[in-house]
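Same order as they appear, the protein sequences are chains A and B. The UniProt record's numbering puts the first residue of the first sequence at 1, with every later residue one more than the last. The UniProt record's numbering puts the first residue of the second sequence at 1, with every later residue one more than the last.
Rather than coming from a laboratory, the hints here were simulated on the basis of the structure. Hints may contain errors.
Said to hold, decoys possible - Below, simulated DSS-like cross-link-like pairs (lysine-lysine); rule was C-alpha separation at most 30 Å, straight line:
| hint | chain 1 | residue 1 | chain 2 | residue 2 |
| --- | --- | --- | --- | --- |
| 1 | A | K485 | A | K244 |
| 2 | B | K329 | A | K406 |
| 3 | A | K32 | B | K59 |
| 4 | A | K244 | B | K132 |
| 5 | B | K210 | B | K132 |
| 6 | B | K329 | A | K8 |
Claimed, not checked - Among the chain A residues that face chain B by a calculated CB cut under 10 Å, a handful are:
| hint | residue |
| --- | --- |
| 7 | T175 |
| 8 | G186 |
| 9 | T187 |
| 10 | M191 |
| 11 | L216 |
| 12 | L217 |
| 13 | E249 |
| 14 | K263 |
| 15 | V274 |
| 16 | G301 |
| 17 | M318 |
| 18 | F348 |
| 19 | A351 |
| 20 | G425 |
To be verified - Ranges of calculated distance between the beta carbons of each label pair, as one might list FRET restraints:
| hint | chain 1 | residue 1 | chain 2 | residue 2 | range |
| --- | --- | --- | --- | --- | --- |
| 21 | A | G83 | B | Y83 | 28 to 36 Å |
| 22 | B | K132 | A | V342 | 48 to 56 Å |
| 23 | B | A58 | A | K136 | 21 to 29 Å |
| 24 | B | N60 | A | S466 | 45 to 53 Å |
| 25 | B | P194 | A | H38 | 24 to 32 Å |
| 26 | A | L151 | B | D235 | 46 to 54 Å |
| 27 | B | R100 | A | S23 | 24 to 32 Å |
| 28 | B | D235 | A | S300 | 23 to 31 Å |
| 29 | B | E160 | A | V10 | 45 to 53 Å |
| 30 | A | V326 | B | G95 | 49 to 57 Å |
| 31 | A | V52 | B | A58 | 30 to 38 Å |
The beta-carbon is built from N, C-alpha and C at its ideal position, and this holds for glycine as well.
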Amino acid sequence: MSDATAPKAVAGPLNFLDDRLGSTNFFQRNVKKVFPDHWSFMLGEIALYSFVILLLTGTFLTLWFHPSMEEVVYNGSYTKLKGVQMSEAYSSALHISFDVRGGLLMRQIHHWAAVLFMASILAHMLRVFFTGAYRKPRELNWLIGINMFILGMLEGLFGYSLPDDLLSGTGLRITQGVAESIPLVGTYIYMFLFGGEFPAGQYGDLIPRLYAIHILLIPGVILGLVTAHMMIMWHQKHTAMPSKNQSNEQVYGYPFYPVFMAKTGAYFLFTFGVLALLGAFAQINPIWLFGPYDPGAISSGSQPDWYMGVLEGALRLMPGQGTEWVIWGHTISLNVLIPATVPLGIVFGGAMAWPFIEQWVTGDKRRHDINDRPRNAPVRTAIGMAAVTFYGLLWLAGANDVLADKFHVSLFGTTWFFRFAIFIGPVVAYIVTKRICLGLQRKDAAVAGHGVEAGIIVMAPDGGFSERHEPAREDEMIKILSKEKARAEAPAVDANGIPAPSQKGPMGHLRSRLQRAMTFDDIPIEEHGEGHGEGHGHGDEKAVGSGSGKQLGH
Amino acid sequence: MSDNNDTAGSHEPREDGGSRRVVGTPSSVGERTLLAKDDDEGYPAPAGAGEELDEKSAKNAERVVAAFFLLAFAASVAFIAYYIGWSGRNGGMHGVTRTRESNLWLGGTMALAMLALAVGVTIWVRRLMTSKPIIQERHEMASSAETRAAFEADVLAGGEDSGITKRPLLRRTLLLAAAPLGLAPLVLLRDLGPLPEKRLRHTFWGEAVKKAKAEGKKGVRLVVDGTNAPLKVSDFNSPGGMITVLPEGIEETHEAANEIAKAVTILINVPAEQFKPVKGRENWHVNGVVAYSKICTHVGCPAALYEQTTHHILCPCHQSTFDATDGAKVVFGPAHRPLPQLPLGVEDGYLIATDDFPEPIGPSFWERG
């Protein structure tokens, strides 16, 4: 379109804005912004679009929902609950479901979108972690992301508590019990959150408060964080997977306008379309079946939404005997306090600290725009898998009654299994993952050093058979050679024999030991010169000779 | 992670259209994507985004895209038509059947519209767009040392000019003024709720018993949750039974919902020969009929499941398990303390409670002691 002029309808408003804001400078700089491609880069987009859909459907729901604990007698069109006393919140949720056209659809899309929002954030976080995309300069976005996940958990808990049905009341009851276990201020937090005693407090304040938090405070904060997340990503440019033309100096891919814009627009529609499909055909949270909240009633198999399952599992696993202490007339209820805080504290606290721990141990403070392949950072990948195992086991333990029922095993047996698995599982996962990573590195070293088995068997003059190896394709080689050699340990003393500051003291020793543990079994991957085809694809690091290592980007 | 570890099997879609393989024969060397190709072009163009469009196939693709867009149009029109024309018939949506119908129609057409549009746009991008991949520079994030130094100088100079650095009285009084102003909003939150005081220590049972005793009775009657009917001893005489009871008159209290949430109690008929009363509570049961708080001592769910054969009370939330024959002692799970027991008696043939629970019910808390 180089010789065509823009139509007046486009040029007019653009010039209007530009005259006043100079906005065309900005548009010109960004119109062809490059976005590198990889399927895993779409996970975060799902989270973003789920959030947009949550805002849209949630706004719709607020038009009919009454956040009130006032007792009313239901008189809507769901006949099975006619004449039943319930809170206005529950009654209006029934009204949305059965008397507002499209109301049930929007409720179901809203709930499915919440489930998808959290799931896609988690998947996105795993992608970022395992490829090292959180490394400098992107640590801030990593921290923002974790905080959004934590806020999402709270947002979800408060959201499914709003309809005031039997299941949501049970969730609040547990919230109350956990709040009470906090030392010193527990009962005050309980009283101040509920406005008095569970469930209605003195003036029925709980549901209105949860409502304000759910539709205003937390979404507002998440919206701010999403904006920051996007702007930082835009400014820093997206990371790329190791491939040709990608480096710390340049980024390669399709331009934002028109390709990426169209693709991401289509992706929004895919997300919304799939959620609409779920909302239309897959029932979720059928509150009318649970009935209004009754503090004396409960149904078996009560399950929270998936993202709360990990807390539920932790609460179930903790043995109650020997874990509550009365000291100087004060009760410390570790059987509640520990499972409610420690497991997620380890996972989220560890995740937030990890980029900085890694920097401290490796001493790598450089900028990284090219992602690692997970195998090339075996310790990181293994720690990540240990965390996934830890989280996953707790999550499964949160459904141990369902597991016991479906697989016909003893309920207490499942609890005992998880009580041990939660400690053994992550260790096993760490060891297995690390071995797999190193094995894959050896394989890469073999390909880099000897080439690929060509499938051609050659007979030597003396009668021996061997398979010919040929060099791998260039883009495969770029991928394989993207592994950096492990950084040499910082010398303990400098040239004059004076101990280096970073090696001194107990912290310095710890740092050296951790660095050694992280790198001692590193497998250098180097390219052979042409013509090497010894026919033995042994990946042993010693068999790989030296060659001109071709490094990409760094 | 898409790291394809298979040296021989990385089947990325390729543009070069290698010769067709006969099923059952080994793949030809040329198809092994790991091997170097002579005409290596490096970065495999994500299929589509064709740089040179074959006009015929482009025309074809355009028709396919248009078909999807038309489908999306039709679905959206159907959505609106259903809403206006059908969903409101006979006075609008009422009841389960009509809700289900409306949900399927509205949701189905909405999903179809969006998915068709999405598929159409995707094909458009992949088959019709002629943009080429481009390279852009990445920049160092950090500002130059000069910029940093200049900024630092400006900030210091500004501090100097404003006087904040050289006038300690100004600085300190400003901080002094800011501190209580920051605290003020926290003070405002004081009325979020009452102080805990002794609220968590008593239930309505105690109040009701006191009132009954003032009227010259021995205790307050148990009423069945749901019907509010007082319970005769003879009504609850089959071993193995369990019901939920409340103190009579609780419905009329000021904060009824809150009182019920604390006072709710399970009544269990344990076979008298297996019942082991706790020391000092020998007369708290009536022929094996025993009452425990229904609120789990773990985090407060209703401990609502009773297993007749083992006499275990199970909380379905976190599976704390209590032995009904043995003072509701914990036999498994995360709870630490037994369910508090309610002292029972008989008056005029009706089951009554003769006192409040001897200890606070429900989850543990700091001041519980």
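Go ahead and decide if the range 45 to 53 Å is satisfied by the Cβ distance of E160 of chain B to V10 of chain A.
For E160 of chain B and V10 of chain A the Cβ distance comes to about 50 Å; the hint holds.
Given hint K132 of chain B paired with K244 of chain A - CA-CA distance at most 30 Å:
With Cα atoms ~15 Å apart, K244 of chain A and K132 of chain B stay inside 30 Å; holds.
Look at the Cβ atoms of P194 of chain B and H38 of chain A and judge whether their distance stays inside 24 to 32 Å.
violated, 56 Å
Just to be careful: measuring from the Cβ of T175 of chain A to every Cβ in chain B, is the smallest value less than 10 Å?
holds, 9 Å
Cβ distance range 23 to 31 Å for D235 of chain B and S300 of chain A, holds or violated
holds, 26 Å
Range first: 48 to 56 Å. Now tell me if the beta carbons of K132 of chain B and V342 of chain A are that far apart.
holds, 53 Å
Restraint check, 10 Å cut-off on beta carbons, for G425 of chain A near chain B
Given a least distance of 20 Å, the restraint on G425 of chain A is violated.
Status of the given 28 to 36 Å range, CB of Y83 of chain B versus CB of G83 of chain A:
For G83 of chain A and Y83 of chain B the Cβ distance comes to about 31 Å; the hint holds.
Distance restraint evaluation - N60 of chain B, S466 of chain A, Cβ atoms, bounds 45 to 53 Å:
holds, 50 Å
A range of 24 to 32 Å was offered for this pair. Does it hold for the Cβ distance of R100 of chain B and S23 of chain A?
Since the Cβ atoms of R100 of chain B and S23 of chain A sit about 49 Å apart, the hinted range of 24 to 32 Å is violated.
A range of 46 to 54 Å was offered for this pair. Does it hold for the Cβ distance of L151 of chain A and D235 of chain B?
holds, 52 Å
Taking the least C-beta to C-beta distance, is A351 of chain A closer than 10 Å to chain B?
violated, 18 Å
Of the numbered hints given earlier, the model fails hints 5, 6, 11, 12, 18, 19, 20, 23, 25, 27; all others are met.
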